[in-house]
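Number of protein chains: 2
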Amino acid sequence: MTVKKNRQFRLVSRPVGMPSNENFTLQEVDLPELQDGQVLVRALYISVDPYMRGRMSDAKSYIEPFPLDEVLVGGGVGEIVESKNERWQAGDVVVGQLGWQDYTVSNGRGLLKLDPSLAPVTTALGVTGMPGWTAYFGLLDIGQPKEGETVVVSGAAGAVGTIVGQIAKLKGCRVVGIAGDDAKCQYLLNELGFDATINYKTTDDLRAALKRACPDGVDVYFDNVGGEITDAVMSRINFQARIAICGQISQYNLEEPELGPRVFTQLLKNSALAKGFIVSDYAPRHKEAMLQLGQWVAEGKIKYAENIVDGLENSVEAFLGLFRGENIGKQLVKVSDL
Amino acid sequence: MTVKKNRQFRLVSRPVGMPSNENFTLQEVDLPELQDGQVLVRALYISVDPYMRGRMSDAKSYIEPFPLDEVLVGGGVGEIVESKNERWQAGDVVVGQLGWQDYTVSNGRGLLKLDPSLAPVTTALGVTGMPGWTAYFGLLDIGQPKEGETVVVSGAAGAVGTIVGQIAKLKGCRVVGIAGDDAKCQYLLNELGFDATINYKTTDDLRAALKRACPDGVDVYFDNVGGEITDAVMSRINFQARIAICGQISQYNLEEPELGPRVFTQLLKNSALAKGFIVSDYAPRHKEAMLQLGQWVAEGKIKYAENIVDGLENSVEAFLGLFRGENIGKQLVKVSDL
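Chains R and U supply the protein sequences, listed in that same order.
If you're matching positions, the first sequence starts at 1 in full-length UniProt numbering and goes up one per residue.
If you're matching positions, the second sequence starts at 1 in full-length UniProt numbering and goes up one per residue.
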């Protein structure tokens with residue numbers, strides 16, 4: 001029997017500040033022989049996500065840091081090519097936690113079978129997967145948008161932000177997106193139906209721009225970025241505003257924590273709520289989100305964008321691109337053909 | 001008919017930074033003759049509260065600023081000495097919004113009749129009144145403390161903090177109070193049953209002190225003060241912690257907003273919730289709080305402290321003392337005898 005080769009990205013050092021290629025290594029190893037109960041999954045697509053930056057640090061957190069010198073793990077879609085587990089068959093297409101590698105050996109736990117005839121398999125990593133659930137629960141459960149209210153989303157052109165804005169439109173809200181270039185803003189306005197957008201990189205007065213875009217103030221803020229963009233939005237929140245803290249990408253690569261205006265004063269003055277969350281907080285309701293999002297996509301009520309880089313060897317570049325704001329919609333890496 | 005004289009404190013200029021005597025004037029005016037529908041209330045006690053600092057500024061807020069050159073208005077207990085309103089009779093003792101003055105002319109709206117035989121009338125301004133309701137809703141509705149959890153309260157020896165800690169004890173929590181002198185800390189420990197206290201003025205390492213006082217981290221934080229004390233508490237919050245933002249007294253008198261560590265990162269990492277509130281958010285449930293607190297006081301389950309300054313002319317001093325942390329429990333000014 002021939003031994004299969006497996007390329008895999010490992011984390012070799014913990015990034016200080018912005019991660020770089022030196023923190024990672026791509027190496028080729030022999031695949032071990034499959035044990036009873038295991039399946040071998042060939043990667044089709046892997047997902048690179050901003051939250052993974054957190055796992056590259058070893059600061060105290062509720063989530064385990066990636067161990068050094070081991071393969072990086074994240075969401076992925078793959079095909080089972082060999083099975084010694086009676087629940088799975090070769091040919092099954094699955095979504096789950098896979099490595100940044102050509103092949104993942106899995107005991108099958110946490111894998112979910114996909115039907116490629118129903119929807120492109122990539123959607124399981126985006127609009128109907130983790131980013132979609134994140135948008136769904138953060139906006140609806142924390143943000144509780146009501147018809148006629150104003151919803152602002154930062155990181156609006158990303159995998160989560162694009163879904164947040166569209167769900168808010170379905171709920172009858174005025175939707176304002178903040179993003180980092182004009183092409184993104186045009187996409188949000190023209191393709192996704194946002195009511196207004198702000199390019200924070202070219203706006204010389206973000207507060208004034210927000211005032212124009214949100215003449216009635218901000219009722220719901222879905223925050224993906226933090227930092228000075230969030231400072232500006234917080235200066236415009238309404239009484240009893242709700243802020244869903246989904247990400248703080250502006251802060252992830254800082255070598256020293258940044259100081260900013262004290263936000264508790266704003267929350268107090270406005271009887272406002274701010275809540276951080278991760279999608280696993282809503283694990284018992286993931287299926288609800290998946291079904292609802294799938295229905296909205298099938299009905300054409302929600303569109304999605306994907307930015308797909310080709311080749312496992314480009315995974316680190318695709319990940320680093322998230323922090324340069326290069327993607328519209330979900331950033332994926334295509335590893336092999338179905 | 002003799003014209004009654006009325007002494008009243010007016011706001012003559014808006015404080016910049018810490019308020020001082022120059023912002024106020026005590027002047028004597030003639031009382032107007034009572035119109036139909038009006039009552040004349042003789043002040044017995046007036047309440048001075050930190051939130052009134054906010055109304056002395058004219059920054060945009062959901063609450064009206066005090067107009068300049070008019071009498072300051074706040075909670076008070078008084079006796080109706082003349083009535084041209086059929087709902088009220090001379091001799092009725094009431095609690096409501098009164099002026100910082102000997103006599104208030106009222107149309108009766110918002111006044112609540114008290115029975116002085118049931119409880120000292122001062123409690124209607126403290127434990128069973130607005131500060132008690134504030135503690136009740138902030139802790140129970142936002143904080144949602146569960147048995148065995150750790151609750152930290154800042155401004156712990158104040159009118160609200162003393163009640164927060166005792167309710168948290170009734171709910172089976174470990175209760176840690178932060179206050180500004182040893183006498184207050186001893187009172188909280190020995191009289192009110194707090195589990196631990198921290199004197200932030202004499203502690204050289206607040207974070208280390210919190211770590212000792214909260215070995216299992218902080219599940220609920222009831223924040224009256226903000227600033228660096230809150231920074232330290234936020235560094236110790238647990239996953240899914242709840243923070244009730246009731247006051248930010250450290251910030252009220254700053255001439256420039258202060259910078260601090262960005263707290264959204266802490267909320268995100270911990271899936272934690274922070275919510276500002278004012279007691280009027282819970283107006284439909286005030287009666288529930290009043291009845292429950294009254295019952296707890298009657299059963300000896302909640303104690304209360306009052307700090308009473310004698311004489312209307314000392315109202316401004318009593319108010320300023322709040323920012324110097326002089327009071328244990330509710331700060332009141334006695335204006336006249338029942």
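Honestly, the hints are just simulated from the structure, not real lab data.
Just to be clear, a hint being listed does not mean it is correct.
One copy or two, either will do: identical chains are not told apart, so a pair holds if it fits within one copy or between any two.
With a straight-line cut-off of 35 Å between C-alpha atoms, the simulated DSBU-like cross-links for lysine-lysine are [said to hold, decoys possible]:
(1) LYS5 to LYS303
(2) LYS84 to LYS201
(3) LYS301 to LYS60
(4) LYS269 to LYS334
(5) LYS60 to LYS211
(6) LYS4 to LYS146
(7) LYS303 to LYS287
(8) LYS5 to LYS201
(9) LYS146 to LYS287
(10) LYS171 to LYS113
(11) LYS113 to LYS269
(12) LYS211 to LYS287
(13) LYS269 to LYS211
(14) LYS169 to LYS60
(15) LYS269 to LYS287
(16) LYS201 to LYS4
(17) LYS211 to LYS334
(18) LYS201 to LYS60
(19) LYS60 to LYS4
(20) LYS84 to LYS146
(21) LYS5 to LYS269
Structure-based check of all given hints:
| no. | hint | result |
| --- | --- | --- |
| 1 | LYS5 to LYS303 | neither (38 Å within a copy, 73 Å between copies) |
| 2 | LYS84 to LYS201 | neither (53 Å within a copy, 65 Å between copies) |
| 3 | LYS301 to LYS60 | neither (40 Å within a copy, 39 Å between copies) |
| 4 | LYS269 to LYS334 | between (48 Å within a copy, 30 Å between copies) |
| 5 | LYS60 to LYS211 | between (38 Å within a copy, 15 Å between copies) |
| 6 | LYS4 to LYS146 | neither (55 Å within a copy, 53 Å between copies) |
| 7 | LYS303 to LYS287 | within (20 Å within a copy, 49 Å between copies) |
| 8 | LYS5 to LYS201 | neither (45 Å within a copy, 63 Å between copies) |
| 9 | LYS146 to LYS287 | both (24 Å within a copy, 29 Å between copies) |
| 10 | LYS171 to LYS113 | within (31 Å within a copy, 46 Å between copies) |
| 11 | LYS113 to LYS269 | between (48 Å within a copy, 30 Å between copies) |
| 12 | LYS211 to LYS287 | neither (38 Å within a copy, 39 Å between copies) |
| 13 | LYS269 to LYS211 | both (19 Å within a copy, 30 Å between copies) |
| 14 | LYS169 to LYS60 | between (38 Å within a copy, 29 Å between copies) |
| 15 | LYS269 to LYS287 | between (37 Å within a copy, 24 Å between copies) |
| 16 | LYS201 to LYS4 | neither (47 Å within a copy, 66 Å between copies) |
| 17 | LYS211 to LYS334 | neither (41 Å within a copy, 47 Å between copies) |
| 18 | LYS201 to LYS60 | both (33 Å within a copy, 28 Å between copies) |
| 19 | LYS60 to LYS4 | neither (37 Å within a copy, 68 Å between copies) |
| 20 | LYS84 to LYS146 | neither (50 Å within a copy, 46 Å between copies) |
| 21 | LYS5 to LYS269 | neither (60 Å within a copy, 38 Å between copies) |
Of the numbered hints stated above, those contradicted by the structure are hints 1, 2, 3, 6, 8, 12, 16, 17, 19, 20 and 21, listed in ascending order.
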